[in-house]
Every structure is written in structure tokens, then in C-alpha cells.
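Dock chain B against the given chain A, drawing on the hints supplied.
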Amino acid sequence: MSITRLRARASPAVAAGDTLRVVRVVLYTGKGGVGKTTTAAATAAHAAARGARALVLSADPAHSLGDVLGERLGPEPRRLAAALRGAPRGLSLHAAEIDARFAMERHWGAVRDWLVAVFRYQGIDETVAEELALLPGAEELAALLAVEEHARGGAFDVVVVDCAPTGSALRLLALPDLARGAFRVLLRVQQMLASVVTPLARSVLAAPLPDAAVFRDAEALIFRRLLRLRRLVSGAQTSVRLVVTPERMVIDEALRAHTDLALFDLRCDAVVMNRLLPEAAAHEPFFQDWSRVQAERVAEVEERFAPLPVLRAPLREDEVIGLARLAEHGAELFAGREPDALLAPPERLRFAKDAAGYRLELPLPHADPGAVEVAKREGALFVAAGGVRRSLPLPRPLARAALGSARLAEGLLVVRFVPEAGG
Amino acid sequence: MRVLLVTGKGGVGKTTHALAAALGAAAHGHRVFVLSADPAHSLGDSLGRSVGARATEIAPHVVAREVNAQEELDRSWSEIQRWLRALLRDGADDLVAEELLVFPGLEELMALRAVREVEATGEFDVCVVDCAPTGSTLRMLRFPDALRIFMQNFFELERRGARLLRPLVARTHAGRLLPREEFFDAVERLYGEVEDVRQILLDEARTTARLVLNPARVVVDETRRAYAYLCLYGVATDALIVNRVMPAEAGAGWFGKWAAKERAELEEIRASFALPLLQAPLRSHEVRGEAELRALAEAVYAGRDPAERFAEARPIRITRAAGRARIEIDLPGASKEEVEVTARGDELFVRVRDAARRIALPASLAGRSVRSARLEAGRLRIELGP
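Residue numbers (our numbering), protein chains in the order written: chain A, 1 to 423; chain B, 1 to 386.
Because the hints were derived from the structure by calculation, they are not lab data. Mixed in with the good hints, there may be bad ones.
Just the calculated beta-carbon pair ranges, DEER-fashion [claimed, not checked]:
1. B:E340 x A:R106: 15 to 21 angstroms
2. A:A352 x B:Y191: 49 to 55 angstroms
3. A:A324 x B:R189: 55 to 61 angstroms
4. B:D74 x A:R407: 26 to 32 angstroms
5. B:R379 x A:R106: 32 to 38 angstroms
6. A:R106 x B:S335: 22 to 28 angstroms
Derived coverage of chain B by chain A (criterion: at least 3 residues anywhere in the stretch with Cβ under 8 angstroms from a Cβ of chain A; other residues may be distant) [as the list claims (entries may be wrong)]:
7. 33-47
8. 133-144
This one's a predicted model, so the numbers in the text were calculated from it and none came from an experiment. Beta carbons: idealized from backbone N, C-alpha and C, even for Gly.
Bound-form chain A, shown alone (with noise of 0.2 angstroms):
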């Protein structure tokens, strides 16, 4: 019965997603501890201080959007009552805090009746969600339902979301792709197993199994949702700002993330340089030395995070907690810019044509040249950075041109391709 309940419920949603507008979308990531729960809730105070409907959502499992903002949060969003200083009559300003049951519960319900009919899961219902917010990647897939249904829900103007640390952001970021893949393989093993034994396996497994055109509604659901995901986390309403302090390890750590954005199309559009020591008390003796390494670092993340801004705030003499107090700590940050501007022009994978034939330019700012590798097959290209792969779907008249060139020049990776003979 829970299959038949799958195309009922499903199809209407999709359809109707596909067509409302996107609002837009900020994510904060950075190495843990930078101060980026605190950044995200001083942009969406800043924002709705300003007049926009903002909402802040936390997507980091450990959440602590509830401490800053001093308020018991859950995972619908929750209007805060606060008067803040110049701020127009009515301010709007939602937060929440994403619970990975609560949103697969909620979004992945048809799914779920799926994954059970397929798994052929009997006895102790109840509990199916438990166990598959268990399985891998659930979490993150479950945080980027939550994101997406507010982006698309014509309530807010603009969605704050304070991500996980670096290495669980990109993963939560890379997801659509992955779980296309991932989802693949579990399709087709199952489609198998459905497709040649059905009718011996009914007896044998003592369990239902469901025919071919369940699985041609799953599959279909769970790719148009994904591609929807996809859609969402790179589209030209959605930016990554990375926050970081004055510390070597901090920096390292964000200019590696930088590149792995760029390699999944993730467009960057500022960087958040946190905690700097005020001229106040630079000048004690106790901070002399950390006072002379700051500036250092100041200027280097300036310089090779160019041609992103770089937004500053300083140090407080007290943790920033609380509402008014997040808006000012919003107001000092962006300095007369708007926290929900497209802070830098797309600086990102491009195609593009000259006399000498097509180029892909795929920016990859600190990628050490030796380690980049280039390949084609079919209609994709392959690219491998340090650590992460990437494969690129490549538009139909690069498709079937071969490769010519690879080159990586001052953080940008240009390929060039060599059309078919006679093509």
C-alpha cells in the first residue's frame, strides 16, 4: 500500500516546485570555532533590520544558532519578537535549527515508503525513519530539503544557512551529485533483483517485492528532486562565504575549501575575516607579537582570496549573544554594503569560444599545478585537484571534440578542445 501512496504523493509537489522563484541563498562555512554561527545570524538580523524577510537556518548537526541568538530554536522556523534600533515596524526575521529526522520525515516521506517496499523492511514501522536518517549522507540530504522547501516557499526574501565546518559543508554541498550516483546503484541492483526473480522470490523471500513501474517512480522522484537540489546550491541566487580568523591553520584550511568550491561550481562571494585584535588593545604589551602576526595574515588573505572582498569585524570584548547585539555586530560587518547583495561577479566554470575553438575555464584558485589532472571521456570532463574529483557534463559540441589543451595560469583552469574532423 505504501507503494501505490508514492506517485499520489509525490508528483504534485515536484511539478509545482519547479516553477516558483528562488529567493536568495547564503552559506557560511569555515574551519570550526571562526565565529560562523555568529556571522550568519548578524547577516540575517543586518538583512531584516533593512527590510528584508530573512530567515537563519542551522545545517550544522552540533548546532548552536539557539545559544547565539540566546532562544530555544527547532526545526520549523520560529519568528523572534524583537525591537531592534532603526529598524522598520514589523521586522521579520525567522531562525531554525534542522532536525535530520524531523526533515526526512517530512520530505523524503514518499521515498521512504519506497526504500521500504524495497528493502522489503518488515515489522517495527515506526522506527524506518530512525534508521534511515542512519544511512549515509541522509543527514546532509535531509539539511538540503530543509533549505531548499524555505528558499522556494515565498516566505522570506533571503535564507542565512550556518553550515557545518569545512569538510562536512562541501560534502553536504557535493551531495546532489553523489547521491545521483549512489542512488544508481542501489536502483539498479534492486531493479534486478525485482525485474529477473519476482516471482520465485516471492515465495522464497517470504517478502513483497515491487514491479517495474515502482521503480520507474522512484527513480524518477528521486532524480527530479535531486536535480532540483542541484539546481539550488548552484544557482545564481546561491553564494558561499567563507569565515576565518587571523591563524595560519584557520586560513590554510579556507583556501582549501575555496578550490574544492570552485570544482563543484559553488560560487564564492566574500570572505569573512573574523576577529580582529582592535587598535585598542593592540598596543598592550601582551599583544604586540599576536598584533604583528595579524597584519600579516590580513594581507594575505587579501591578497589570495583577490578578487573577493574580504568583510572584517573585530574581536569583542564580549561574546556577541542576542538579537540587538547581532545586528550591530551585522551593521559594523557589512559597512554600508547589502548582506544580501551578490558581494563578487561569478567567478566560475565558463565556456567560451575564440578563433582557435571552444575553452572551458574552471577556476581553481590555490590548485598546485602539479596536481590537477585533466581527462574526457564521452560526454564529460574529468578533473582531479589535491583530493577531490569532479566530473563536468560537457555541452553537446564539446561532447564529441577532443582534447586539446590543459593549462592552469594564475588560479584558473583553461582546457581547450579540438573539434572532431570533419565534425
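Just chain B now, kept in the frame of chain A:
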């Protein structure tokens, strides 16, 4: 072998303190292995020299390695890989298959396996694990449970299904994609290894966690939750390391207000965690390189051996008296409305906020119902019915 899990909120100084503990333990005559389980490895950054996926001697009697999921797969999971590749290659390309081989959760799994590998060499007295930030560490500790659920519910069915199919589709296209018996063997072997690690982690005589934190409210709040979750997963915590405590000379001027706030937070930490406190002062520069890490160990442990157990703790206790069974779980800081308890057959299901765990009951207690569950002074007391 003693296992020290160094964990805490992001950015508090876990890597620095993992290395300091390792160097300190070596100075007390132990042979030490340092394992980085954080996919965003920073042992190398902290030491100021590269470490990498292969065991590297970083100081006398101290060996370190950063677990790389991709390399682990290449090295010891060729059978699982072969199947995934065959399957993926059927519809996609080799390199796409490569991409898919590292799925979320795999890093945590490989880190667990690595602990067992270190133990199996028999060459080390202490294994210090530099864990990922709290969220991922909890996922790592949850992994054995997740795998157990999969093995109990799905594995045999899949294996039987495949056995049944194999002769029927032997020479067909589908037959090529069907997982081989060796694949199932490999999954079973993996399960066995993860179970071994679980035994190590849940043995409080061998394994303890050390929570690193800073004296700041948001950090303290998260650490308190992490401490309760560690208890729920059955991992004993033996000390708190309060890192970056502002020294008097720094808190005198502009930072006066901050220093006062810190003192209040330290009081709060002392009052709300029943754990030994270790402290490390804020430095005027980053702690980097072997010499500075050694000096830090000296400051934190003041001559004590970092491999010692600083507190005796067993977070989950089962007692029986006069036909009654009682299970006690330490859940410091948890409040009543955040805790949920259910007995299901041979398992006890306990949820604390968004963390849940199934605790396997001994055979003699299976099938009993929960008679009462009470939370008092940070301790959950569950009485089982007859």
C-alpha cells in the same frame, strides 16, 4: 592499549591538545600513535610539517597519521570497490565511479577501523585520536549502531537474494552486476572490525574522551551537550581541558570585561561538570611546532602522565537485585522533557534531544518492559519490569 579521544566544538584547540597529550605521554615513556579522524586534517598544520595518510614518526616514540578514506578504500576494500565500480561503470564512467566511492560517513568509519589497526600492531601503548568537531564525532560513535541495524535487518536478505539469483543469471548482463560472495564476506569482515572497535571504545578502562573547550558561553553550552551524548553512547569522559584561559597580564587592559566574563564561565564549568579540569593559558601567538606543543603539555599536565585516567567513570551501568533490573545512564545537563525511553524487545531505545541510541540488553533482560524512568541530578534511572 590506552585510547584517548580528544574532541570538542570546532576551533577550541582539539588538534593542538591531541598532539600535546601525545608528546607528553611519550615523555613518560609510552609508545604513542596519533590518529587524525577529522576529514579536515590539521595535524600537519599544527606541527608545521606534513603528516599524511601513512604512519610517520613525528617525534621520538610518536607516530602519526591522517586517515584518508579514499586511500583506505584502495588499500583494504578492493572487493567492495570492485563491485561498486562494476555497477557504476555499467552506466557511467570510471572516474564517476571513483567520485562515488567516498560517501558521507565513510571517513568516520575508516577512522574507527584505524584505531583497531593500531591496536593490532601491538607496538603502541597509547593511541590519541584527534576527532572531528562534535557533530561528526557523534556520528562516528553512532556508526557501529547504524551498521548493526543494517546487518540485522537487510544483510542476510540481500545475501540470500544474491545466492538465489546467481545461478539463474550467471552468464547474463545482470549476472555481472550481482555482488559476488566475496563482496558479502568483505561487508561481514568490515562489520566484525567495527564491532571490535566498539568493544575498545566502550571499555572505560581503556578508552576515555577528553573534551576541549574555551571559557565562552556558546562553547560551554555545546560541550555540556556533547558530554551527555558521549555518556549516552557509552563513552567515558575523564577530563575537561579548558583552553585559552586569559592570563592576568592580558586581561588587565582592554580585555578587562572579557576576563571578568571568563572567570564567571570558569566558575560555571566547575559547578556544572563533575570532571577534573585541566587548563591551558591563552598565548600571545599560535601554538605551533613540536617545542611549543611540548611546553603546552607541560603547562596542562604539570608533570602528570597524560595517558593516566583522570577520573573513574562508567556512564552506563546495569545492576540486578532481587529479580529487579535497573539501568543507570549518566546524562549530565539533560532535562526531563528532552529524554525519551522505550524498551523494544532486546533493545532499550533512549533519545536525548536529537541524539538517539539503541542499547542492546543482555539476553536475560530481553523482552522486559520499562516500569519507570526517572531523571534526577543528571542521572537517568530506568527500572525494568519482570
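Comparing the hints with the structure gives:
Between E340 of chain B and R106 of chain A the beta carbon distance is about 19 angstroms. The supplied range of 15 to 21 angstroms therefore holds. Checked against the hint of 49 to 55 angstroms, the C-beta distance between A352 of chain A and Y191 of chain B comes to roughly 51 angstroms, which is consistent with it. About 57 angstroms separates the C-beta atoms of A324 of chain A and R189 of chain B, a value consistent with the hinted range of 55 to 61 angstroms. The beta-carbon spacing between D74 of chain B and R407 of chain A, approximately 29 angstroms, falls within the hinted interval of 26 to 32 angstroms.
Range check, R379 of chain B to R106 of chain A: Cβ separation about 34 angstroms, and the 32 to 38 angstroms hint holds. Between R106 of chain A and S335 of chain B the Cβ separation comes to about 26 angstroms, which falls inside the hinted range of 22 to 28 angstroms. Chain A is given as covering the stretch 33-47 of chain B, and this holds because 6 residues of the stretch bring a CB closer than 8 angstroms to a CB of that chain, at least three being needed. Figure legend: the stretch 133-144 of chain B, annotated as covered by chain A; annotation consistent (7 residues with Cβ-Cβ distances under 8 angstroms, at least 3 required).
Comparing the model with each earlier hint shows no violations; every hint is respected.
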